[in-house]
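Participant: Line by line, the protein sequences are chains A and B.
Numbering follows the numbering used here, in which position 350 of the first sequence is assigned residue number 465; successive positions increment by one, without gaps.
Numbering follows the numbering used here, in which position 72 of the second sequence is assigned residue number 187; successive positions increment by one, without gaps.
Each hint should be verified, as a subset may be incorrect.
Identical copies carry no separate label here, and so any pair may be met within one copy or between two of them.
As the list claims (entries may be wrong) - Lysine to aspartate or glutamate pairs mimicking DMTMM-like chemistry, simulated, CA-CA at most 25 Å apart:
{"no.": "1", "residue 1": "489", "residue 2": "182"}
{"no.": "2", "residue 1": "433", "residue 2": "120"}
{"no.": "3", "residue 1": "554", "residue 2": "187"}
{"no.": "4", "residue 1": "429", "residue 2": "495"}
{"no.": "5", "residue 1": "526", "residue 2": "243"}
{"no.": "6", "residue 1": "367", "residue 2": "428"}
{"no.": "7", "residue 1": "185", "residue 2": "473"}
{"no.": "8", "residue 1": "329", "residue 2": "446"}
{"no.": "9", "residue 1": "471", "residue 2": "182"}
{"no.": "10", "residue 1": "554", "residue 2": "143"}
{"no.": "11", "residue 1": "526", "residue 2": "151"}
{"no.": "12", "residue 1": "359", "residue 2": "214"}
{"no.": "13", "residue 1": "554", "residue 2": "370"}
{"no.": "14", "residue 1": "427", "residue 2": "531"}
Keep in mind the hints are simulated off the structure, nothing from the lab.
Protein chains: 2
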Amino acid sequence: MAKIDILIVGGGPAGLIAAVAARKNNPDKKITLVREIEKCVVPCGLPYIFNRLSAVEKDLMPDKAYEANKIDLVIGEAIKIETNNKKVSLKNGEEINYEKLVIATGSSPVIIPVKGADLNGVYRIRKEIKYLENLREAIIKAKNIVIIGGGFIGVELAEELSAIKNKNISVVEILDHCLIANFDEEFALAGEEKIKEKGVKFYLKTAVEEIVGKNKVEKVRLNNGKEIPADLVIMAVGARPNVKLVEYAGIKVIEKGGIWVDEFMQTNIPDIFAIGDCAETKNFFTRENNLIMLASVACYEARIAGANLYRKEKNLVKNNGTVAAFSTYLDGLVLGSVGLNELGANKKNIKIVIGKSEAPNHHPGTLSNTGMIKVKLIFEKPSKILLGGQVAGPENTAEMINLIAVAVQQKMTAQELANLQVATHPLITAPPTAYPIIKAAEMVLSDERIS
Amino acid sequence: MAKIDILIVGGGPAGLIAAVAARKNNPDKKITLVREIEKCVVPCGLPYIFNRLSAVEKDLMPDKAYEANKIDLVIGEAIKIETNNKKVSLKNGEEINYEKLVIATGSSPVIIPVKGADLNGVYRIRKEIKYLENLREAIIKAKNIVIIGGGFIGVELAEELSAIKNKNISVVEILDHCLIANFDEEFALAGEEKIKEKGVKFYLKTAVEEIVGKNKVEKVRLNNGKEIPADLVIMAVGARPNVKLVEYAGIKVIEKGGIWVDEFMQTNIPDIFAIGDCAETKNFFTRENNLIMLASVACYEARIAGANLYRKEKNLVKNNGTVAAFSTYLDGLVLGSVGLNELGANKKNIKIVIGKSEAPNHHPGTLSNTGMIKVKLIFEKPSKILLGGQVAGPENTAEMINLIAVAVQQKMTAQELANLQVATHPLITAPPTAYPIIKAAEMVLSDERIS
Numbered sequence: 116m117a118k119i120d121i122l123i124v125g126g127g128p129a130g131l132i133a134a135v136a137a138r139k140n141n142p143d144k145k146i147t148l149v150r151e152i153e154k155c156v157v158p159c160g161l162p163y164i165f166n167r168l169s170a171v172e173k174d175l176m177p178d179k180a181y182e183a184n185k186i187d188l189v190i191g192e193a194i195k196i197e198t199n200n201k202k203v204s205l206k207n208g209e210e211i212n213y214e215k216l217v218i219a220t221g222s223s224p225v226i227i228p229v230k231g232a233d234l235n236g237v238y239r240i241r242k243e244i245k246y247l248e249n250l251r252e253a254i255i256k257a258k259n260i261v262i263i264g265g266g267f268i269g270v271e272l273a274e275e276l277s278a279i280k281n282k283n284i285s286v287v288e289i290l291d292h293c294l295i296a297n298f299d300e301e302f303a304l305a306g307e308e309k310i311k312e313k314g315v316k317f318y319l320k321t322a323v324e325e326i327v328g329k330n331k332v333e334k335v336r337l338n339n340g341k342e343i344p345a346d347l348v349i350m351a352v353g354a355r356p357n358v359k360l361v362e363y364a365g366i367k368v369i370e371k372g373g374i375w376v377d378e379f380m381q382t383n384i385p386d387i388f389a390i391g392d393c394a395e396t397k398n399f400f401t402r403e404n405n406l407i408m409l410a411s412v413a414c415y416e417a418r419i420a421g422a423n424l425y426r427k428e429k430n431l432v433k434n435n436g437t438v439a440a441f442s443t444y445l446d447g448l449v450l451g452s453v454g455l456n457e458l459g460a461n462k463k464n465i466k467i468v469i470g471k472s473e474a475p476n477h478h479p480g481t482l483s484n485t486g487m488i489k490v491k492l493i494f495e496k497p498s499k500i501l502l503g504g505q506v507a508g509p510e511n512t513a514e515m516i517n518l519i520a521v522a523v524q525q526k527m528t529a530q531e532l533a534n535l536q537v538a539t540h541p542l543i544t545a546p547p548t549a550y551p552i553i554k555a556a557e558m559v560l561s562d563e564r565i566s
Numbered sequence: 116m117a118k119i120d121i122l123i124v125g126g127g128p129a130g131l132i133a134a135v136a137a138r139k140n141n142p143d144k145k146i147t148l149v150r151e152i153e154k155c156v157v158p159c160g161l162p163y164i165f166n167r168l169s170a171v172e173k174d175l176m177p178d179k180a181y182e183a184n185k186i187d188l189v190i191g192e193a194i195k196i197e198t199n200n201k202k203v204s205l206k207n208g209e210e211i212n213y214e215k216l217v218i219a220t221g222s223s224p225v226i227i228p229v230k231g232a233d234l235n236g237v238y239r240i241r242k243e244i245k246y247l248e249n250l251r252e253a254i255i256k257a258k259n260i261v262i263i264g265g266g267f268i269g270v271e272l273a274e275e276l277s278a279i280k281n282k283n284i285s286v287v288e289i290l291d292h293c294l295i296a297n298f299d300e301e302f303a304l305a306g307e308e309k310i311k312e313k314g315v316k317f318y319l320k321t322a323v324e325e326i327v328g329k330n331k332v333e334k335v336r337l338n339n340g341k342e343i344p345a346d347l348v349i350m351a352v353g354a355r356p357n358v359k360l361v362e363y364a365g366i367k368v369i370e371k372g373g374i375w376v377d378e379f380m381q382t383n384i385p386d387i388f389a390i391g392d393c394a395e396t397k398n399f400f401t402r403e404n405n406l407i408m409l410a411s412v413a414c415y416e417a418r419i420a421g422a423n424l425y426r427k428e429k430n431l432v433k434n435n436g437t438v439a440a441f442s443t444y445l446d447g448l449v450l451g452s453v454g455l456n457e458l459g460a461n462k463k464n465i466k467i468v469i470g471k472s473e474a475p476n477h478h479p480g481t482l483s484n485t486g487m488i489k490v491k492l493i494f495e496k497p498s499k500i501l502l503g504g505q506v507a508g509p510e511n512t513a514e515m516i517n518l519i520a521v522a523v524q525q526k527m528t529a530q531e532l533a534n535l536q537v538a539t540h541p542l543i544t545a546p547p548t549a550y551p552i553i554k555a556a557e558m559v560l561s562d563e564r565i566s
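The following block holds chain A by itself, in its conformation from the complex:
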């Protein structure tokens, strides 16, 4: 039986970064990572294996960090944790004793429980190479493709597939708009518009009632009675934490399905940490638990867990809760969102004041290919502390949502943002006279003049 110091279960971004951070903080410890599969895909890259990347194997996570950081990589399935003996058993009979254990088992895409969900031709976006290769083949052959779910993966898939010739792409979304779980309506609409222009059809405020077919999917019946012809159905309706391994080990799982963790990424069992999609997240503002599943959040948590493994209490790195920073790119349009939005604030009766601004992404606007940047900032009322923001704009605004994300994490006020110093340049930014984050913050100040 192997006896090691640090054991990480799971080889996605969370597991990898936890291992690297563990090594950085503990140069002399013996670190092992166990993962089920020979090669891991880059999860956020998956929508792009169907066209932009020409093969699944172009979307693989490189393993060079394991050797570089002296991390033993074991391919195998962990099937049992004995927390008293500090032991993990693999399916092949191997047992590993650990001092510190990090659970990073990820999530699996949900299947909606409708009739026909088990037909041939119904897929999800699973993180398995062979499965994805089959899906890729199926997409190439298909003419009528129905995507169920208009969240990030759904719209990114729709955009990616719309660039392939001779496909009829439809997206069925139960909410009022695609992306509306993360964006206010005007931003969600801007995204929808981009994909509509590519010929994708939307069925909004609509649920799927049945996937119809004999052996193979033939059509999708909606709850309004309408039927859409379908050679292929892709369910992109969210994911559930993989917690089977921990369920019987006495490791606490919250109601929503993720592993409970404290602010240092520790589970309820000493020396066991959980990170990434399998762990709950806490809202940065409200501390409510939720399940934000993003590789960026997973890496954030992994760095914290990796640092905390052997630290004494006063040196522990703290997870401040997730600000939920999202971005996507739809046919030339960057959409970014962080923290609270207007819809979310209204739902929770949080009093807010909103600043908005639009500006060209170049200056002067007479430069060719000038597009518009749209910024919306949400401030707490009356403190005018920044609670969140959204951005839409051309490619050169890609990092603007991260500037806002920093401001949210720093709890900056409208006054501080109105007095921000930024670099501007004609060919790559909005003009200094109209930098949209500054203007949006000023808008909130202008109604409280002090003399």
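Keeping the supplied structure of chain A fixed, place chain B upon it in accordance with the hints.
Facilitator: Coordinates of chain B only, in the frame set by chain A:
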């Protein structure tokens, strides 16, 4: 004689934004802006009027904000300030009485005092439409163009002109590298490389000894004896504050040439403010006075002055000193710089620790057109507070320097930056596992493991 509340002298970005901010903060005051010229150019856009923009008139600042904010625009030259009578006289004999005066007279490009500087064919980048139109004509006709000075304007001009067919472009720079006043060598070199690839010749560590010609420039003689043929010479060697108007009015000017201001943008004379290129700036860290001439800094100061005009002491908005955030774009390469760099720290014997990282600007890196992002962060030692940063990368990294600028202004630590939450997306950012700002910050932490 006109009697108004707020008078602003100068119609560049500083003047315009001061007027708008003054209006926002003082809805009922009478505001007048005096400027010398009928139409103002966008100063940062000037390098691009020669090719990307096809005419000088495509680089004009729109005047619509004046009417929208009920600001009276007077075209005329202010020639005298009487601070006791609170009166400004114009060249046409008109006199204006003010309650509050904002000086935003800008700067003028320097002429280096070499023989031949007055020859026909020797130009500077003056902010005058007719002059620039003449220069534009001269550039079209010229074959051999020598740019003296490799700062931002010099290299931007060189890049812009290198895209026009059949030009021999040379840049003469007295320092070791172009852009080296604002970037460490590796970044300056990356910029130089981009322009070299476009066929521009560099003469580094080289001074101009004489501009040679009879009536018109024929060649440029360097201090190493070499002569470069020249039909046209453009001096881009910096600018000097326009302070003639204030010199005899008892308004204090610092040794370096800018108007002295306190942290609220007030001059030494009550009710007179100064902003933009004509005013001194103070370093964010050291409080040393300097002359950072940037439209973005000018707008920052203008917003502060505009807010402070009628405020009581406790409500005054404070200028924290400039962090000097710069960016440029050279043939597809974004270069950004903010705060202190390694060269600057060494010169001042400031103890620093440096974090560096490189990452692809897409993920996975197998996506087409993937370029590399290079980040360098400078932290104070031993506090590990961020003092500055530099970025080089493709277009989608344009706003990354502004994220770093926010972090500098917030005095963030390496630990806070290593634990930053950011949005990542395959098509528009570095991967979450290798986001370069986080990695550069981690590098600084990794040598102080706490157990």
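Participant: Checking residue 367 and residue 428: alpha-carbon separation at most 25 Å within a copy, between copies, both or neither?
Facilitator: Answer is within: at 22 Å inside a copy they meet the 25 Å cutoff, but 55 Å across does not.
Participant: When no copy is named, should residue 359 and residue 214 be tagged within, between, both, or neither for a Cα gap of at most 25 Å?
Facilitator: within (22 Å within a copy, 74 Å between copies)
Participant: Under a CA distance limit of 25 Å, which applies to residue 185 and residue 473: within one copy, between copies, both, or neither?
Facilitator: This pair counts as between: shortest inter-copy Cα distance 21 Å, intra-copy 49 Å.
Participant: Pop the pair residue 329 and residue 446 into one bin, within, between, both or neither, using alpha-carbon distances up to 25 Å.
Facilitator: neither (36 Å within a copy, 57 Å between copies)
Participant: If the cutoff is 25 Å on CA atoms, where do residue 429 and residue 495 land: within, between, both or neither? Let me know, please.
Facilitator: So residue 429 and residue 495 pass the 25 Å test across copies only (23 Å; inside, 31 Å).
Participant: When Cα atoms must be at most 25 Å apart, do residue 471 and residue 182 count as within-copy, between-copy, both, or neither?
Facilitator: Close across copies (21 Å), not inside one copy (48 Å); limit 25 Å.
Participant: Tell me, please, which holds for residue 526 and residue 151 at an alpha-carbon limit of 25 Å: within, between, both or neither?
Facilitator: For residue 526 and residue 151, neither the intra-copy (40 Å) nor the inter-copy (43 Å) Cα distance is at most 25 Å.
Participant: Using 25 Å as the alpha carbon limit, work out where residue 526 and residue 243 are close: within a copy, between copies, both or neither.
Facilitator: neither (40 Å within a copy, 43 Å between copies)
Participant: Should residue 554 paired with residue 143 be assigned to within, between, both, or neither, using CA atoms and 25 Å as the limit?
Facilitator: between (51 Å within a copy, 21 Å between copies)
Participant: At most 25 Å between alpha carbons: which applies to residue 554 and residue 370, within, between, both or neither?
Facilitator: The answer is neither: 42 Å in one copy and 35 Å across copies each exceed 25 Å.
Participant: Evaluate residue 427 and residue 531 at a C-alpha cut-off of 25 Å and name the case that applies: within, between, both or neither.
Facilitator: Answer is between: at 19 Å across copies they meet the 25 Å cutoff, but 36 Å inside does not.
Participant: Reference check for the pair residue 489 and residue 182, CA-CA at most 25 Å: within, between, both, or neither?
Facilitator: between (44 Å within a copy, 24 Å between copies)
Violated hints for the displayed structure, listed by number in ascending order: 5, 8, 11 and 13.
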